[in-house]
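K.L.:
The primary structure of each chain is shown beneath.
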Amino acid sequence: MSVQEWSADAATEIVRAHSGVRGALLPVLHALQERFGHLGPEATRLVAKELNLSRADVHGVVTFYSDFRTAPPGRTVIAVCRGEACQSCGSRELERHAQHSLGIGFGETTADGSVTLDQVFCLGNCALSPAVQIDGRLVGRVDADLFDRLVSDAAAR
Amino acid sequence: MSTTVYIPCDSAARSVGADEVALALLAEAELRGLDISMVRNGSRGMLWLEPLVEVDTVRGRIAYGPVSADDVAALLDGGMLDGAAHPRCHGVTDELPWLARQQRVTFSRVGVIDPLSPADYAAHGGLAGLRAALGMRPTQVVDAVTESGLRGRGGAGFPTGIKWKTVAEASDPTKFLCCNADEGDSGTFADRMLLEGDPFTLIEGMVIAAYAVGAVEGYVYVRSEYPDAIATLRRAVEIAYEEAWLGADVLGRGFPFDLEVRVGAGAYICGEETAMLDSLEGKRGMVRAKPPIPALQGLFGRPTVVNNVLSLATVPAVLAGGAEAYRELGVGRSRGTQVFQLAGNVAQGGIVESAFGLSLRDLVEGFGGGTATGRPVRAVQVGGPLGAYLPADRLDLHLDYEELAADGAMLGHGGVVVFDDTVDMGQQARFAMEFCAEESCGKCTPCRVGAVRGVEVIDAILHGSPDERGANVEILEDLCELMTDGSLCAMGGLTPNPVRSVLRHFGEDLGLTPVSAGAPS
Chain A
1 MSVQEWSADA
11 ATEIVRAHSG
21 VRGALLPVLH
31 ALQERFGHLG
41 PEATRLVAKE
51 LNLSRADVHG
61 VVTFYSDFRT
71 APPGRTVIAV
81 CRGEACQSCG
91 SRELERHAQH
101 SLGIGFGETT
111 ADGSVTLDQV
121 FCLGNCALSP
131 AVQIDGRLVG
141 RVDADLFDRL
151 VSDAAAR
Chain B
1 MSTTVYIPCD
11 SAARSVGADE
21 VALALLAEAE
31 LRGLDISMVR
41 NGSRGMLWLE
51 PLVEVDTVRG
61 RIAYGPVSAD
71 DVAALLDGGM
81 LDGAAHPRCH
91 GVTDELPWLA
101 RQQRVTFSRV
111 GVIDPLSPAD
121 YAAHGGLAGL
131 RAALGMRPTQ
141 VVDAVTESGL
151 RGRGGAGFPT
161 GIKWKTVAEA
171 SDPTKFLCCN
181 ADEGDSGTFA
191 DRMLLEGDPF
201 TLIEGMVIAA
211 YAVGAVEGYV
221 YVRSEYPDAI
231 ATLRRAVEIA
241 YEEAWLGADV
251 LGRGFPFDLE
261 VRVGAGAYIC
271 GEETAMLDSL
281 EGKRGMVRAK
291 PPIPALQGLF
301 GRPTVVNNVL
311 SLATVPAVLA
321 GGAEAYRELG
331 VGRSRGTQVF
341 QLAGNVAQGG
351 IVESAFGLSL
361 RDLVEGFGGG
371 TATGRPVRAV
381 QVGGPLGAYL
391 PADRLDLHLD
401 YEELAADGAM
411 LGHGGVVVFD
421 DTVDMGQQAR
431 FAMEFCAEES
441 CGKCTPCRVG
451 AVRGVEVIDA
461 ILHGSPDERG
471 ANVEILEDLC
481 ELMTDGSLCA
491 MGGLTPNPVR
501 SVLRHFGEDL
511 GLTPVSAGAP
521 S
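Taken in order, these protein sequences are the chains called A and B.
When we follow my numbering, the leftmost residue of the first sequence carries the number 1, and every step to the right adds one.
When we follow my numbering, the leftmost residue of the second sequence carries the number 1, and every step to the right adds one.
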């Protein structure tokens, strides 16, 4: 399902669908982010009320985990692996190239909203390093050329 | 007659084009009117050969790799479906020395079967362990696991049977079983490959564990960085319910066990068992003080077994083959097999499962064939980002829990990352602190603040005045000691491992002469 505009009714339905789940907060936040793309203040408020938690508790969880976004990401999200196995195969150069070519740092989105660049510590592809993940798809043996191709292919989609 | 062709659906294989190869082969087969049936198996673990295509022939499965989509037409022209010779053909897969020299127990079915076929699973020995366990009393199952010598494969190496016994004997009627699939250590990917290549083995192991300790509810906590593994495992759980391997009446034997897949959210610390429990409870993944141990007060305060994927996935083999057979493998107090993950700058990386006793050299030079770049090996990091960097002259160390510990190193989750001589070890030491600063849960000050200070001090050593270098090294050593002694968990406690190993073995990269390094030993 593609990302949708915030809807309190739809969000409430998602939260209530987790009513029988023990320790439901993470599954709820994942489900809301999948539907709405990010978790804004309205999401925090609604989840706190529905799960009978304080807003501080929910905010604390949202900001603890790097997966949860409080602002909408770019249309394409690329995560570059910074783990040691990737470093041994040139990921430090790839990190520099990614930031330089996109003109943004890790955790940032290009001004036109096309690409968000994230860092990640290990994608589990350590024998085919360096690795990146682009919109959830794992790619191995990535050099600067392949990185550029992945970005332009994503823009063309 | 239809020819069976295997092309992995493992995400590492897909990361270098396995899907494109599969599509090309299907299209080409249709064009030529060839009758093939394609199985998307797990990976055999020879990752430098991915995408690895296997063709079932009268001689056995014949391996071709690495195959790209562009190679498919030419391979078919050359008679690949009959197992014909080709520069990319390696012969019978099972006879490849790289595989034949291994002893695959935990990984015996990975890459061999269709991961989501219950029939394939049963035909390759699946459920034999569970059936054996259900023929025993729960306490006998616990005893068998204890006798097998199986130790936790997550890194700490705690005897699995002892942990189970503690939970089994706890009086609380509600007990939980949690599988830690938050495989965050860089250089490790065995959990992922097992989840994608043979998820039923993990489910079977968890059912056995649940029966042994009396748990009726289980969770698998998988990191979100593994979307393919999550999808495969979720589907496997659904199938297991359909097959009555899970549910209200497991195998018609009158005991219930429910299993749920939970997804992490990008926090390395949640691989620490108590942080994982907090995360499962819907909280920030903060480390808990022990005691109380999770076996007595774990998830939601109840007695909880927390085991790694590989520990639980080994249990079916232990029960099926008997504790004695498993125990006979290995050396000293490291019994059975270890699943090594050979990674980084290595010519032939992948999964090496072997009885304990291999040396680092067997692994890096024997299996790995040296570096991918062809340059000399300078450093090997064993056991993930909290493991020590060992120099090339330590390659004769044997990879078992005790021998590594005696040398200030650790086995961890079995990850081995190879670096060639272009590596800047000063930067590797700095990265260890940077990683800790990024991923610390923040509970313990020595870890939360110490890691930030660690980066600053290493920067001062690398870029500051040479006159102050000695004083800064002293500060760094003091900081390492404080983090080791003053942190609750392995994150803060072991981050000094890689840093100290750089001081000890690679001081020149920190601008220290070997004599003035004053490295701790």
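Read the hints as simulated data drawn from the structure, not as lab findings.
Quick caveat: nothing in here was measured; it's all calculated off a predicted structure.
Mixed in with the good hints, there may be bad ones.
Listed next, the stretches of chain A that the computed footprint assigns to chain B, with coverage defined by at least 3 CB atoms under 8 angstroms from CB atoms of chain B [unchecked claim]:
{"no.": "1", "stretch": "2-9"}
{"no.": "2", "stretch": "60-66"}
{"no.": "3", "stretch": "93-104"}
{"no.": "4", "stretch": "114-124"}
{"no.": "5", "stretch": "138-149"}
Pairs of lysine-lysine, DSS-like flavour, derived with a Cα cap of 30 angstroms [claimed, not checked]:
{"no.": "6", "chain 1": "B", "residue 1": "Lys165", "chain 2": "A", "residue 2": "Lys49"}
{"no.": "7", "chain 1": "B", "residue 1": "Lys443", "chain 2": "B", "residue 2": "Lys283"}
{"no.": "8", "chain 1": "B", "residue 1": "Lys165", "chain 2": "B", "residue 2": "Lys290"}
{"no.": "9", "chain 1": "A", "residue 1": "Lys49", "chain 2": "B", "residue 2": "Lys283"}
{"no.": "10", "chain 1": "B", "residue 1": "Lys283", "chain 2": "B", "residue 2": "Lys165"}
{"no.": "11", "chain 1": "B", "residue 1": "Lys290", "chain 2": "B", "residue 2": "Lys443"}
All C-beta atoms, glycine included, are put in the ideal place defined by N, C-alpha and C.
K.L.:
Are the hints correct? Go through all of them and say.
P.N.:
Going down the list of hints, with the structure as the test:
For the stretch 2-9 of chain A, the proposed coverage by chain B is not satisfied: 0 residues have a C-beta within less than 8 angstroms of a C-beta in that chain, short of the threshold of three. Counting residues of the stretch 60-66 of chain A whose CB falls under 8 angstroms from any CB of chain B gives 5; the rule of at least 3 is met. Counting residues of the stretch 93-104 of chain A whose C-beta lies closer than 8 angstroms to any C-beta of chain B gives 0; at least three are required, and the coverage claim is violated. A stretch counts as covered by a chain when three or more of its residues have a beta carbon under 8 angstroms from one of that chain; for the stretch 114-124 of chain A and chain B the count is 5, and the coverage holds.
Restraint check on the stretch 138-149 of chain A versus chain B: 4 residues with Cβ-Cβ distances below 8 angstroms, three needed, restraint holds. For the suggested pair lysine 165 of chain B and lysine 49 of chain A, the alpha carbons sit about 41 angstroms apart, so the restraint of at most 30 angstroms is broken. Proximity of lysine 443 of chain B to lysine 283 of chain B is assessed by CA-CA distance (about 14 angstroms); at most 30 angstroms being required, the pair is judged to hold. Under the criterion of a C-alpha separation no larger than 30 angstroms, the hint pairing lysine 165 of chain B with lysine 290 of chain B is consistent with the structure, at around 18 angstroms.
A C-alpha spacing of about 16 angstroms is found between lysine 49 of chain A and lysine 283 of chain B, which places the hinted pair at or below 30 angstroms, so the restraint holds. With a CA separation close to 28 angstroms, the supplied pair lysine 283 of chain B and lysine 165 of chain B stays within the 30 angstroms bound. In summary, the hint linking lysine 290 of chain B to lysine 443 of chain B is supported, as the alpha carbons are separated by about 14 angstroms, within the 30 angstroms threshold.
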